[in-house]
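Read off the chains here:
There are 2 protein chains.
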Amino acid sequence: MDSRVAEHAEVLVDWSARIEDGDNVVLNVGPDAHELAVAVAETVGERGANLVTTYSSGELSRAYKLGHGEDFDDDPAHELALLENADVYLSIGGGRNPSEGSDVPADVREAYGKSREELREARMDTDWVSTVHPTRSLAQQANMSFEAYRDFAYDAILRDWEDLADQMANMKDILDDGSEVRLVKGEDTDLTMSIEGRTAVNSAASVAYDSHNLPSGEVFTAPEATEGEVVFDVPMTIRGERVTDVHLTFEDGEVVDYAAGQNEDVVGEILETDAGAKRLGELGIGMNRGIDQFTDSILFDEKMGDTVHLALGRAYKSNFPEGSEDEANDSAVHVDMITDVSEDSFMTVDGEVVQRNGTFRWEDGFEG
Amino acid sequence: MDSRVAEHAEVLVDWSARIEDGDNVVLNVGPDAHELAVAVAETVGERGANLVTTYSSGELSRAYKLGHGEDFDDDPAHELALLENADVYLSIGGGRNPSEGSDVPADVREAYGKSREELREARMDTDWVSTVHPTRSLAQQANMSFEAYRDFAYDAILRDWEDLADQMANMKDILDDGSEVRLVKGEDTDLTMSIEGRTAVNSAASVAYDSHNLPSGEVFTAPEATEGEVVFDVPMTIRGERVTDVHLTFEDGEVVDYAAGQNEDVVGEILETDAGAKRLGELGIGMNRGIDQFTDSILFDEKMGDTVHLALGRAYKSNFPEGSEDEANDSAVHVDMITDVSEDSFMTVDGEVVQRNGTFRWEDGFEG
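Protein sequences, first through last, are from chains A and R.
Heads up: the first sequence begins at 1 in the working numbering, then just goes up one per residue.
Heads up: the second sequence begins at 1 in the working numbering, then just goes up one per residue.
The set of hints was computed from the structure by calculation and includes no laboratory data.
There's no promise every hint is true.
Repeated chains share a single entry, so a pair holds when one copy, or any two copies, can fit it.
What the hints assert, rightly or not - Simulated crosslink set (SDA-like; lysine to any residue; CA at most 20 Å straight-line):
id : residue 1 : residue 2
1  : K114      : E70
2  : K317      : T199
3  : K114      : S194
4  : K114      : L271
5  : K114      : E35
6  : K114      : A259
7  : K317      : T359
8  : K317      : V266
9  : K114      : F72
10 : K317      : D71
11 : K317      : H334
12 : K114      : G48
13 : K114      : G22
14 : K114      : D188
15 : K114      : W15
Every value quoted in this text rests on a predicted model; they were computed, and no experiment measured them.
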């Protein structure tokens, strides 16, 4: 077994989920994640925890939904009881084809989702962590060879997380103390946003940081009153379409003009969803330098080092301190778009430069 | 997909487990049983039942146990809650290597088993059914090509179960009404057993018949007071060893002499286990003519048509009618041994011939 598989298991169990003796663990495994599942089972055993392993397959889920039709029972008792008695829920993605759900009618998918709200809440009440095992399917999605993809994935996952959490704490402190962020890049991006009264989240791939993805590595907050323009030069897949070079213009916090290199109509559709879809829900600063290329997987893409991402739509409640009277932007969508800030770019908070050409203020080589 | 996979799923869901709208189903899937699991998921969906899929892997289980060591928590709450809230438990065997557990220390395996008694009871309280998906590993175990093995497995599984249940009901009625069974074959087998006061089980691969294996296809009861000798000419694997042509001599219900063609010492070890190991616990009449060869898998072997099997050791409580004062033979072992009765052989119940050369009294071609 590739030694990185065992390392991945240890990071997941110890750093991310903090599994301890006697914990009741549910391990949810994709069909091609078997190898990592075996390593996780060993590590969970070594920590003295109790293990139930569930199987997550796109083909199986598709077959069940197509067989069943829309009229699902709400929150089946056996599944709910499993989750309500679990301390930890580990999900290891490792599917064979991300398009398996593509021919399940939308109303069946929606009915299934709606029938599982209590289940979802019960899962979210555990110390849950999602990760992926690098599979051939993910390599294919990333347009990479399998070997190169594995190297990429482990570079992203096997970080010195303690150190990265410390780095990200610098950024969180600056955002928590600040009121206004300005992002400038080349000729087409000059955007200001208010972050007054918001709390940034240090997403350090551990439940101890209220962060539930492995890899993670971003600091994010909820901006408003956005003014100016921005170009997103990292490609992305939205609703199954490749979208490139999205250009947005904001006035009074709202998108007033847009363009894109490819599939501009997809951007238009998103903006038409509801009022909240025209406003930003997230400003995220990607700080995982193990992620250095777009692989068409949001788990990785949005944490890419030397990038900033903004999301149109729904904001996270975690960015609003307890007792805050501000309302989080609400929308049916949350669509992340990414811009590369490694060159010809800087970000200021309250007028002071925090990051220039990808280098942060507290790092060697920073030019203020 | 091979159309037989979908047929197998339908037999499992409808005939064996009798799954209905709203049932809470746990589907336990081996790593190489994916294809059947997809078909079962579709059928479970079509019946309007609710599905949780668990993953059963020898490699994963081995890793967990080796990591954990002996000190297991008893009956973890999340797994117990899942099973206690399940109506149906379907297990689809489809492992990759039956020897995966071979280097887990015996005391760890035993401790694990002992820690799961309530779990086992909760599972047995559901409408549970065990089947297997024909895999390359099972073909290997049977010394067969994969294609030939699949043909074999589906011949065994895709029976007209309603008709076979009716056939087996004839045999059950004869045994229920009878007092003494005599089995004669060639020169070396002439055995008499008392079955007075016993109830035979019509094991027709359905929870409706209190039968929990698919395939099944045997009628069995609990004999005693065995006298005479018997040769078991179908090979078998006992404790990892190939054992052939076991010859047992009984007096007063107890084995007084034994011999075997290969690995005679294994037979000796079994007989020395305890007092009950020298007595019979089961007389089973194999009636599944879809099973026509030994494949080194007890799920199939003991139901082979035109065979009779006897087990040394523990008897099943299901053969003792409620209120019976007879005690079931008790032992730590239950070892099935099989004899081919297709030629030069007959069986009588209370002196009347019931089966000759494999043909039953109620069948065409029977010669009394």
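For each hint, the structure was consulted:
no.	hint	verdict
1	K114 - E70	within (10 Å within a copy, 42 Å between copies)
2	K317 - T199	within (10 Å within a copy, 65 Å between copies)
3	K114 - S194	neither (35 Å within a copy, 61 Å between copies)
4	K114 - L271	neither (24 Å within a copy, 59 Å between copies)
5	K114 - E35	neither (33 Å within a copy, 28 Å between copies)
6	K114 - A259	neither (34 Å within a copy, 65 Å between copies)
7	K317 - T359	neither (29 Å within a copy, 75 Å between copies)
8	K317 - V266	neither (27 Å within a copy, 67 Å between copies)
9	K114 - F72	within (9 Å within a copy, 37 Å between copies)
10	K317 - D71	neither (31 Å within a copy, 42 Å between copies)
11	K317 - H334	within (13 Å within a copy, 60 Å between copies)
12	K114 - G48	between (36 Å within a copy, 16 Å between copies)
13	K114 - G22	between (33 Å within a copy, 17 Å between copies)
14	K114 - D188	neither (41 Å within a copy, 68 Å between copies)
15	K114 - W15	neither (32 Å within a copy, 32 Å between copies)
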